[in-house]
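Chains A and B, in that order, are what the protein sequence lines are.
According to our numbering, the stretch in the first sequence is residues 2 to 215, in order.
According to our numbering, the stretch in the second sequence is residues 10 to 198, in order.
Watch out, some of these pointers could steer you wrong.
[Unchecked claim] Below, a sample of chain A positions facing chain B; criterion: calculated Cβ distance under 7 Å: (1) Phe21; (2) Leu27; (3) Arg33; (4) Tyr50; (5) Trp98; (6) Gln101; (7) Ala148; (8) Asn156; (9) Leu158; (10) Ala189; (11) Arg191; (12) Ser207.
Don't read these hints as lab results, they were simulated from the structure.
Backbone N, C-alpha and C fix where the C-beta goes; we use that ideal spot for every residue, glycine too.
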Amino acid sequence: MARPVFGTTARTSDDSIARFDPDRGLVEAARRDPARFDALYRRYLAQVYSFALYELRDHHAAEDATERTFLRAFAALPRFEERGGADATPRSTFRVWLFQIARNVIANERRTRRRQPAASLDVALAAGLVIADPLDLETESTVHEDAAAALRSVNRLPDDRRRAVILRFVDEMSTSEIAAVLGRSEGAVRVLIPRPLREVASDLESRRDGPRSR
Amino acid sequence: MTFPNGDRSQAEALVTDGYVDALLAAGDRRATDAPADAALDPAIRSAASRLRRDLVRAHPSFRFEERLARRLAEQARRMSLGLATAAGAEGVPIATRYGDDREDPELAAIRAGLVDPSALEDVGIVARPVLLGGAFASAAISLAGVALVAWRLSRPGARPMLRAVRAARRTRMAGWPRTSTGIRFGRLS
């Protein structure tokens, strides 16, 4: 089954995320004419919303976080600086910068919520908020079931590993981009991935062997 | 080949990273798998493939998307007006105050350049940016100062000097001569 491709963007190679920011033209256009920010907004809406949804597990909270992220990004756009990482400064593209804002907004949201809401992402999935590939609509229920099982496994991971996994697999970020978003070294992020994958594999395997929990 | 523990985890991380990169690139071509290094743990490969397939990207509701688009467009319109009025000025004027700033003081602080919304916070522990905290504290102190001054002005009799004056008045000062400035003490209270 092909993976849903909604909102995919061109990835850059791992070691050159900011040598050329694919959004440079759009950013410059938005600086000249703020109305052109709409193109950046449409391009990254699903990515930012997905990050928020997987982190907050509540689609209302995810929408709030998404809204605040884009409003802040829009307000701060005049001061956004693309950085190449040639010296000690961390690399940054528009996407990395946007996700750094989202990371802070989501962290604030998590702090203000005293506990996880009763409604989980499973509810959002069941409500059809996940856009499946139009070519695979007939397998939508399977998508939801598998996604929910994978999600449960990922949700058991510690925060930093879960966050890295979400950024890697859902937002399709490179290791260096994730490092810049999370404020960690590239090596640390690279090591962060295999262990949760092994944990997820073990968890999914045990679920497959045992009775299904749904 | 055998590695020391640290090297082994580094090597595994590199192999895994390469596989996930290939897997993500394969997804762009609508392929479901990608070639993997022989050293890659099959369990890791399986989990990566599964997460690649099942951790789907979500999209908010169309209503939300359009509502936020309209709000951003309105912000853009106002910013463009600000740009027009500041033609000739260097840089982009960001300190103009819009209605939304009253709703969200952090947005106003961002526009004014007081807060960097992308600055790294400790995302796991309660922590606010020092600058943001300082801005709020400064605003709070300012508001408290304004309130105090207003309260003091509305209650001038609370000042020690005026209390002393009143006490003096009570003891028969009504007929005292004017001061050198020509103002009777009693007029102040």
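Original post:
Going through the earlier hints one by one, which of them does the structure break, listed in rising order?
Top reply: 1, 2, 3, 8, 9, 10, 12
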